[in-house]
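Q: Residues per chain, in single letters:
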Amino acid sequence: MTEEEARPENTQPKASQPDEKSESHKSLTDKISSFLTTPVSFKHTKEQKTMINSEETRPEHTQSPTPPGEAIKQFDEIKKALAGSAPEWRLSTVDPKAVVSEPRLTDPLLVSKPCVDEPIPSQ
Amino acid sequence: MFRRVVRIPPPPSANPPNPETPISPQKAEQLFRLHPSELAALLEMAWEFRVWENDSTGNSPLGHPNRRSDIPQLPDYLLQILFGNEVNDFFDVNKRCFLRNNKGLFRWDHLIYAYLIENTRIYDIFRKVIHEYRHGERLGVPLASSQHWLRNTEELFFRDAAPFSIYSVSSYIRPDLGASRRNAYYRMFGMDLNHGMDDSKSYPYVKPETANREFVSTFEEFLREVWVGIANSANTSGLKQTDDAAIANLARRLHDMLRTRRTNGNLSQEEFWFVAMMSWFHLSLEFDSPIVVSLRAEGASEEERLKKIAERVKLPAHGKSYYFFRLADPLSRLLTQIEIGTYNNPNTVRALYTDEIPLGTPNPVEDDMRLIITYWSYATDRNMKEKTRSVIIER
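Chains A and B, in that order, give the protein sequences. Oh and the first sequence: position 47 is 47 in our numbering, straight run, nothing missing. Just add 1000 to wherever you are in the second sequence, counting from 1, and you've got our numbering.
Check each hint, because a few of them may be wrong.
Said to hold, decoys possible - Below, in silico cross-link-like pairs of lysine-lysine (BS3-like), each with a Cα-Cα straight-line distance of 30 Å or less:
#: 1; chain 1: B; residue 1: Lys1320; chain 2: B; residue 2: Lys1387
#: 2; chain 1: B; residue 1: Lys1320; chain 2: B; residue 2: Lys1207
#: 3; chain 1: B; residue 1: Lys1027; chain 2: B; residue 2: Lys1201
#: 4; chain 1: A; residue 1: Lys73; chain 2: B; residue 2: Lys1103
#: 5; chain 1: B; residue 1: Lys1103; chain 2: B; residue 2: Lys1027
#: 6; chain 1: B; residue 1: Lys1240; chain 2: A; residue 2: Lys73
#: 7; chain 1: B; residue 1: Lys1027; chain 2: B; residue 2: Lys1308
#: 8; chain 1: B; residue 1: Lys1314; chain 2: B; residue 2: Lys1201
#: 9; chain 1: B; residue 1: Lys1385; chain 2: A; residue 2: Lys73
Just so you know, these hints were derived from the structure itself, not from any lab.
Throw the hints in and build the complete structure from the sequences for me.
A: Here it is, written out as structure tokens:
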């Protein structure tokens, strides 16, 4: 096959006659207008749907606005949760050896008797 | 995290009850005396019982304040074996406390809490305290109860974490916890700590390209607009300069910035651990704890005690520690709610500046906003109560 014969345009069918051309042109036009007017539905795999839901959708933007009173109530709940005073933690039983009596820092210092040289008893 | 474990429950008759009740010194001392493995168990249980909800549309966005991360904690059966038996109901009782209708209730502070507390230099100061106590007696001999605090602090915060624990965020890849914290702060807020290493050299850490560098400017603009709202909320005549749309727009920008850094639960585990770490040190200063008494650093407030300890170890605390301590809790609450997206709509932002909604009821959000605006102004030396003016140059 020569280079000229191998070119793609050489393998195309010959151009149709004028009558056939208008028919095919009309058919193509119909197809295009049909494509433009018919709604296209995209099919997603389950994985893609999950990805779209969790990563691309912004639920905050689709939610209705929170009334100011509800915003304050929500803030109060956050404050309670962060302060943590509502539920009381139970700490485990402490090892009794760990409880020692604390020496008070204000305890007076024990002052020892001054060292006095005692005379050597005479014999 | 640790501070909430030792609060005195509010009296049932209080209406509305203030959840920020004082610390119980007895319970705090009991906490300091626990075995380090029991403190680790508390952390695992706090992670297990974290708030975990789907939003109203049924989606489950990881990183949302109600669904921070799906990384699992130590398995239940292991926690039961280690910490639960017929004699000691530690695990079962606390599990019942923190589950309601099979929903977790535990919420930890925002990363901004860890940033503000660490910015006081509390971590470095206590590291030097432990260094002095472990190497000599320059600071005297610690009290017997302080020995427990010293042991637990060194075990939990100054050594490699127990493997497979939820607070194990260091590895060969991230060997320096200080660098990891600075990296997290920079990514989330575009801010670095105000101090470097002990010898005043800058602290080396990985500074990523992707960071919320516009966080501070956007947040300050947000504070200014909210202040305009507060100042005008009582106006009944004349022009009202409050711009709800501007406040909502700024809140949405902050929401987007913070939530983008948290996509798929990013930074949640690090935040949990860093916040817990700083809350331990914060708790140690909230009252005259055994370590404070050992150091002869009794005082009326956290910053006074910290200042005295800093003088003893010759490492100065930040001069504005007072404001950082006051800002930590309110800012943590505000940013948590901003991340939920509550203020992204102009119809909701009125909650930020109206002092009574509904009429006759105090507004805790507005109270917190006033505190934040005032203390942020003092901490940064930039007045949030003054609107920035554009300068027109005439030629």
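Q: Against the structure, test the hints numbered earlier, and report the numbers of the ones violated in rising order.
A: 3
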